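Between the sequences and the hints, there should be enough to build the whole structure, so can you do that?
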Amino acid sequence: MNYTSNRLHKISFWHHIIFWSVYFLFNTFRWGSYFDDYVYSLKTNLLGFPIHVLLCYFNIYFLMPQFLFKKRYISYVILMLSAIFLMVLAKFNLTYFLISKNVWPEGPQTITTLSLNYTVDMMIGELYVITFITAIKVTLDFLKEQKRVADLEKAQLETELLFLKSQISPHFFFNTLNNIHSLALEKSSKTPKIILRLSELMRYLLYETKLERQSLENEILCIQNYLDLERIRHDDLLQINMSISGDILDKEIAPILLLTFVENAFKHGANKNIGIVNIDIDFTILENFLYFTITNPLPAVTEIKSCLGESSGIGLENVKKRLMLGYNKEDYDLKINTENNKFTVVLKIKVC
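Numbering (numbering that gives the first Met the number 0) for the sequence shown: 0 to 351.
Take the hints with a grain of salt, since some may be wrong.
Said to hold, decoys possible - Pairs of lysine-lysine, PhoX-like flavour, derived with a Cα cap of 25 Å:
no., residue 1, residue 2
1, K250, K319
2, K136, K70
3, K347, K319
4, K320, K341
5, K42, K153
6, K153, K319
7, K319, K349
8, K320, K349
9, K320, K347
10, K250, K334
11, K347, K250
12, K153, K69
13, K328, K250
14, K69, K143
15, K146, K136
16, K349, K250
17, K100, K90
18, K100, K42
19, K328, K349
20, K209, K349
21, K349, K334
22, K209, K328
23, K143, K153
24, K250, K320
25, K334, K347
26, K209, K319
27, K341, K153
28, K319, K341
29, K90, K42
30, K347, K328
31, K349, K153
32, K334, K320
33, K143, K70
34, K209, K70
35, K69, K146
36, K319, K334
37, K209, K250
Stated by the list, open to error - Simulated DEER-style distance windows between Cβ atoms:
no., residue 1, residue 2, range
38, I16, L41, 16 to 24 Å
39, E316, L210, 20 to 28 Å
40, S74, C351, 58 to 66 Å
Derived from the structure by calculation, the hints contain no laboratory data. Being a predicted model, the structure only gives us computed values, none of them experimental. C-beta atoms are modelled at their ideal positions from N, C-alpha and C, and glycine is treated no differently.
In structure tokens:
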């Protein structure tokens, strides 16, 4: 798509040839029909078109960049009018000596000498051609600039989204590796299982999150692997209640978006509380929307602020930014509340 778009805004040498050829033929037949003399029209256009071309290119490739774009307006106007006048003078003499003594057959009277009316009329005609060509050039430059800005914005958004997606807390992996080390020293039977779950989770985070959307089924599987690792780490002190209702097949969502909420629940819920911790997770699919709810106990009062996503690390602000960058406003609704000593996140998001 980018290649095609670049081709649309790129003007090659052959585009110039084709444009001027069509313009030349149009003018030749137009004035040939007007004079009822196509040979005369051909001669005058063969003489006049090089003048048109020189003036147009002189304006768009020299005068405009050197004077107009640099806000040297008076110099631009003077040079432009001077160039047009010189070209009209050249056209008058070439027509007089090479084609016809009557240099202005379409005028109100026979003209054999350079007159004010002839000069003004010819200069206006040249201005018309220059304005027409300049308008085409400015339009193409505008479209090219718009595309460049759009490409930059897209690249910036993609870079920012990639950065946000890569911010899964390293503390989780450090803690998990420490647990594996402890289990290995104890020669626990849980060691192979936790290594397998960690391997699956890391493979998913490394290779399956590069696309803009991932299947909801894979996202839930990723979360289950994460939960299995946390269950092993917290042992009997953690109770996770996860429910899924509705059809999760053929549904897509931004990768590791939901995992952020789950990680937040453990970071500020299970890891900040002493004793048995209950975490409730619910996936409900209704038509084209997923209703995701996760609830965890609030930590101590001093930790509530960080639980709301204002602490360092990925936080919930990361998720809000990803939703804003990756979805239209009408495609999601995020609600976060703290009631009855519980922290609850409710996300409604389009998954079709």
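Verification of the hints:
1. Note on K250 and K319: the hinted pairing holds, with a Cα-Cα distance of about 21 Å set against a maximum of 25 Å.
2. Taking the CA atoms of K136 and K70, the gap is near 19 Å; set against the 25 Å cutoff, the hint holds.
3. The hinted pair formed by K347 and K319 meets the criterion: a straight-line CA distance of about 13 Å does not exceed 25 Å.
4. For a cut-off of 25 Å, the pair hint linking K320 to K341 stands: about 24 Å separates their Cα positions.
5. Of the supplied pair hints, the one linking K42 and K153 is violated, its CA atoms being roughly 52 Å apart against a limit of 25 Å.
6. Distance check on the hinted pair: K153 and K319 sit about 19 Å apart at the alpha-carbon level, within 25 Å; holds.
7. With a C-alpha separation of about 15 Å, the suggested pair K319 and K349 falls inside the 25 Å cut-off, and the hint holds.
8. Between the alpha carbons of K320 and K349 the distance comes to roughly 16 Å, so the proposed pair stays at or under 25 Å and holds.
9. For the given pair, K320 sits about 16 Å from K347 by alpha-carbon distance, which is consistent with the 25 Å threshold.
10. Taken as a hint, the K250 and K334 pair is honoured in the structure, with Cα atoms around 22 Å apart against an allowance of 25 Å.
11. Taking the CA atoms of K347 and K250, the gap is about 14 Å. The hint holds against a cut of 25 Å.
12. Simply put, K153 and K69 have alpha-carbon atoms about 30 Å apart, too far for the 25 Å limit, and the pair is violated.
13. Distance check on the hinted pair: K328 and K250 sit about 19 Å apart at the alpha-carbon level, within 25 Å; holds.
14. About 20 Å separates the Cα atoms of K69 and K143, which keeps this hinted pair within 25 Å; it holds.
15. Between K146 and K136, the direct Cα distance comes to roughly 15 Å. Compliance with the 25 Å bound is thereby established for this hinted pair.
16. For the suggested pair K349 and K250, the alpha carbons sit about 9 Å apart, so the restraint of at most 25 Å is met.
17. Between K100 and K90 the CA atoms are separated by roughly 12 Å; this keeps the pair inside 25 Å, and the hint holds.
18. Restraint check for K100 and K42: the C-alpha separation of about 14 Å stays at or below 25 Å, so the hint holds.
19. Using a Cα cut-off of 25 Å, the hinted pair K328 and K349 holds, with the two alpha carbons roughly 11 Å apart.
20. Restraint check for K209 and K349: satisfied, since their Cα atoms lie roughly 19 Å apart, inside the 25 Å limit.
21. Distance check on the hinted pair: K349 and K334 sit about 15 Å apart at the alpha-carbon level, within 25 Å; holds.
22. Taking the CA atoms of K209 and K328, the gap is near 23 Å; set against the 25 Å cutoff, the hint holds.
23. Simply put, K143 and K153 have alpha-carbon atoms about 15 Å apart, close enough for the 25 Å limit, and the pair holds.
24. For the proposed pair K250 and K320, the alpha carbon gap of about 22 Å is at most 25 Å, so the pair holds.
25. Our distance criterion of 25 Å between C-alpha atoms is met by K334 and K347, whose separation comes to about 9 Å.
26. At roughly 19 Å between alpha-carbon atoms, K209 and K319 fall within 25 Å of each other, so this suggested pair holds.
27. Restraint check for K341 and K153: not satisfied, since their Cα atoms lie roughly 38 Å apart, outside the 25 Å limit.
28. As the CA atoms of K319 and K341 are separated by approximately 20 Å, the hinted pair is consistent with the 25 Å bound.
29. Of the supplied pair hints, the one linking K90 and K42 holds, its CA atoms being roughly 12 Å apart against a limit of 25 Å.
30. At roughly 11 Å between alpha-carbon atoms, K347 and K328 fall within 25 Å of each other, so this suggested pair holds.
31. As the CA atoms of K349 and K153 are separated by approximately 22 Å, the hinted pair is consistent with the 25 Å bound.
32. A threshold of 25 Å between alpha carbons decides the hint, and for K334 with K320 the separation of about 14 Å falls inside it, so the pair holds.
33. Distance restraint check for K143 and K70: the Cα-Cα separation of roughly 22 Å lies within the 25 Å cut-off, and the hinted pair is therefore satisfied.
34. In summary, the hint linking K209 to K70 is not supported, as the alpha carbons are separated by about 46 Å, beyond the 25 Å threshold.
35. Distance restraint check for K69 and K146: the Cα-Cα separation of roughly 23 Å lies within the 25 Å cut-off, and the hinted pair is therefore satisfied.
36. Taking the CA atoms of K319 and K334, the gap is about 11 Å. The hint holds against a cut of 25 Å.
37. Straight-line distance between C-alpha atoms of K209 and K250 comes to about 17 Å, which keeps the hinted pair within the 25 Å bound.
38. Hint check: I16 to L41, Cβ distance near 18 Å, so the stated range 16 to 24 Å holds.
39. Between E316 and L210 the beta carbon distance is about 23 Å. The supplied range of 20 to 28 Å therefore holds.
40. Checked against the given bound of 58 to 66 Å, the beta carbons of S74 and C351, roughly 59 Å apart, stay inside it.
Going through the hint list in order, the structure does not satisfy hints 5, 12, 27, 34.
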